[in-house]
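Below, each chain spelled out in residue letters.
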Amino acid sequence: MVRYLVPLVIFFVLAGFLYVGLDLKPREVPSPFINKPAPGFQLQQLHSMNELFSNKDMLGKVWLLNVWASWCVACRQEHPVLVDMARRGEVPLYGLNYKDTPNNAKRWLNEHGDPYTLSAVDYQGKVGIDFGVYGVPETFIIDKQGVIRHKVIGPVSYQELSACIMPIVNELNKREQIDPAALAVLTEVRKACT
Amino acid sequence: MYLMRRYIACLLLLGLMAGGAAVSAKEAAPLSADPEMEKMVNEIAAELRCLVCQNQTIADSHADLAVDLKNQVREMVRQGKTRDDVVDYMVQRYGDFVRYRPPVKPTTYLLWVGPFLLLAGGFTILTVNLRKRRQITTDAPLSEEEQQKLESILHSKNKTAGNKKGEDY
Numbered sequence: 000m001v002r003y004l005v006p007l008v009i010f011f012v013l014a015g016f017l018y019v020g021l022d023l024k025p026r027e028v029p030s031p032f033i034n035k036p037a038p039g040f041q042l043q044q045l046h047s048m049n050e051l052f053s054n055k056d057m058l059g060k061v062w063l064l065n066v067w068a069s070w071c072v073a074c075r076q077e078h079p080v081l082v083d084m085a086r087r088g089e090v091p092l093y094g095l096n097y098k099d100t101p102n103n104a105k106r107w108l109n110e111h112g113d114p115y116t117l118s119a120v121d122y123q124g125k126v127g128i129d130f131g132v133y134g135v136p137e138t139f140i141i142d143k144q145g146v147i148r149h150k151v152i153g154p155v156s157y158q159e160l161s162a163c164i165m166p167i168v169n170e171l172n173k174r175e176q177i178d179p180a181a182l183a184v185l186t187e188v189r190k191a192c193t
Numbered sequence: 028m029y030l031m032r033r034y035i036a037c038l039l040l041l042g043l044m045a046g047g048a049a050v051s052a053k054e055a056a057p058l059s060a061d062p063e064m065e066k067m068v069n070e071i072a073a074e075l076r077c078l079v080c081q082n083q084t085i086a087d088s089h090a091d092l093a094v095d096l097k098n099q100v101r102e103m104v105r106q107g108k109t110r111d112d113v114v115d116y117m118v119q120r121y122g123d124f125v126r127y128r129p130p131v132k133p134t135t136y137l138l139w140v141g142p143f144l145l146l147a148g149g150f151t152i153l154t155v156n157l158r159k160r161r162q163i164t165t166d167a168p169l170s171e172e173e174q175q176k177l178e179s180i181l182h183s184k185n186k187t188a189g190n191k192k193g194e195d196y
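Protein sequences, first through last, are from chains A and B. Residues 0 to 193 (my numbering) are what the first sequence spells out, left to right. Residues 28 to 196 (my numbering) are what the second sequence spells out, left to right.
Think of the hints as simulated: they come from the structure by calculation, not from any bench. Be a bit skeptical, because a hint or two may be false.
Stated by the list, open to error - Calculated pairs, BS3-like style, for lysine-lysine (alpha carbon to alpha carbon, straight line, at most 30 Å):
1. A:24 / B:132
2. B:132 / A:190
3. B:108 / A:55
4. A:35 / A:55
5. B:108 / A:125
6. B:66 / A:125
7. A:55 / A:173
Please model the entire structure based on the sequences and the hints provided.
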C-alpha cells in the first residue's frame, strides 16, 4: 500500500512547488534601497535646462520619483495612470528621464500628457545606476527625510496605485519621523500590497 | 509565381545578412589601452549578473544596462579600485542578486548546504536499502532435512526433463 502512495506524495509535493512558482516574480529583484536614504543627485531639468533639480529640494515632502523614457514601451502602459494621479494632485510626482534625448522626451510628453511636476535629465543613466534601476519604468516612494520607502518595478497599474502606493504615501504623510512602530506599520502595508 | 517566391526569399535572406552585419558592427566595445586592466575588468564583469537578462553575466550580455555597468566597472578599475570595491558598489545598488557567487549568510545557508543535504539523504536511503538486501541474502542456511528435500526434487526434475533442460541452466 505504502509503495503506491510514494509516487502520489512525490507528485503532490512537486505540484505544490510548481503552484507556488506560478505567483513568484523572478524578474522583480528586491531593492536594497528600501528604508535607506535615496542616493543624492543633481540634474538638469528637462523643460528648463539652465535649472538644476536635486533630491535635497524635496526634503520635508513625501514624493514619487518615476523613471521613464520615450523609448520605453511599458511606460506607455502606465502613463494614463500617472496622468490621472497627477490630476488628483495627492502626491507630487517627479520624473527621471532615463537615457533619453531631450527632444524625444519632450515630444513624448506633448503627445501623451505631462504628469510630472518636473523631469530631471539622466542622459547617461548614471543616476539610474545609483538608484539600482534595471528596468524602466520604476517608481520610488521617498519620504520626508529623503528615505526610499517603496519601489514599484514595471508599469504602475490603477490597482497598484490604490492598493499599494497611496496607502504607503498616506502613512508617510501622517508622520514627521519614521520610528520603529511606524516602520512596522509600513512593512505591514507593503506586505499586503505585494 | 515560383519566381516571385524565390525573389522574396532572396530579399529576406539579404535583409537577414544586412541585419547580422549591423549587429556585429555594433559590438566593437571600447577597450581600455591596458590589456592587463581589461583582463581584470572582464574577470569582475564575469562575476556580476546582468539584471535585465538574469541568466547572463554582464561580461556576456549586450543589453544596454550590461554595457553601462561594464563601463562603470572599467571606470572604477581605472581609478584603482579593487575587485571587492567594485562588487560592493554593485551590491549596494542591485542587492546580492547581482553576484553570481552568493555570499554565505543566514538567508543563503540552505542554498549552500542544500546540495550536501540532498547527497547525505541519498546516501542514507542507499545504505538502508543495501542493509535490507543483505538481510534478505544472508538468510539462515538450509537445515539438513531441507537440503535433502531440495536435492531429491532437483534430482527427480533432471530425470524427467532430460539432459537438455539441465544444460540450459
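Do the hints match the structure? See the list:
no.	hint	verdict
1	A:24 / B:132	23 Å, holds
2	B:132 / A:190	23 Å, holds
3	B:108 / A:55	29 Å, holds
4	A:35 / A:55	15 Å, holds
5	B:108 / A:125	18 Å, holds
6	B:66 / A:125	24 Å, holds
7	A:55 / A:173	21 Å, holds
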